[in-house]
Amino acid sequence: AQSVTQLDSHVSVSEGTPVLLRCNYSSSYSPSLFWYVQHPNKGLQLLLKYTSAATLVKGINGFEAEFKKSETSFHLTKPSAHMSDAAEYFCVLLSGGYNKLIFGAGTRLAVHP
Amino acid sequence: SAVISQKPSRDICQRGTSLTIQCQVDSQVTMMFWYRQQPGQSLTLIATANQGSEATYESGFVIDKFPISRPNLTFSTLTVSNMSPEDSSIYLCSVGSRTGGVTDTQYFGPGTRLTVL
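Residue numbers (the numbering used here), protein chains in the order written: chain A, 2 to 114; chain B, 6 to 122.
Fair warning: there could be bad hints in the mix.
Selected chain A positions facing chain B (in silico; Cβ < 8 Å) [said to hold, decoys possible]:
| # | residue |
| --- | --- |
| 1 | G44 |
| 2 | L45 |
| 3 | L47 |
| 4 | L102 |
| 5 | F104 |
Hints are computed from structural coordinates only; laboratory data are not their basis.
From the three backbone atoms N, C-alpha and C, an ideal C-beta is built for every residue, glycine too.
From just these sequences and the hints, can you work out the full model?
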């Protein structure tokens, strides 16, 4: 079975400190993985995606994620948090061959001054 | 990426009524999808809207409750029928991009926030 687990429902950081949002996946296929961000009362915006090319993926707004097959992980990081990063983040797996996205439960990131 | 718009952006409806949500894309796309996001929850796929054929529904969702139209490659509608307060959610459409013949990335519309009283 294919699934996505976001290990933290809430993460709180101070502005200027690093951000780590953790995601583990389970897939029988070579996975395609994504991180999306949802700001309050907004739609989903694609941050970055992994589709079997480079394991370190750079996205928008300074975010990046590293695909680690041995750990079945795809954690999202940012060196320095900004107040505007406060939002809900979703780790997403593309179900092999079916164009179906499987969403994690989401991690709410709070950024404090 | 495609530019996707949804109408209405939000609505408050009475139970027992129906609401049709529109999704418009600025370019032709093969795959369009409808998702539901219940309050405080993640997204769940309702159905895949196929142009020229019936929509494909996920387990737990039925055509009578969520009829979908896909008249062309840039437009789709989702109707929430005979609404109850449990249908209060954000409804989002998305479109798939294709790379090498395989749909990989999906881009989302801004969503429709529905409240049922």
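key: Hint validity - L102(A) Cβ closer than 8 Å to any chain B Cβ   = 6 Å, holds
message = Would the hint on F104(A) be counted as holding, given a Cβ-Cβ threshold of 8 Å to chain B?
response = At about 4 Å, which falls below the 8 Å cut-off, the nearest Cβ of chain B leaves the hint on F104(A) intact, so it holds.
query = For the hint on L47(A), does the least C-beta distance to chain B fall short of 8 Å?
reply = Holds: closest Cβ of chain B sits about 7 Å from L47(A), inside 8 Å.
ask   = Are G44(A) and chain B close enough, Cβ to Cβ, to be under 8 Å, as the hint says?
value = Result: holds, 4 Å to nearest chain B Cβ.
query = Any CB of chain B closer than 8 Å to the CB of L45(A)?
reply = 4 Å, holds
Of the numbered hints given earlier, the model fails none.
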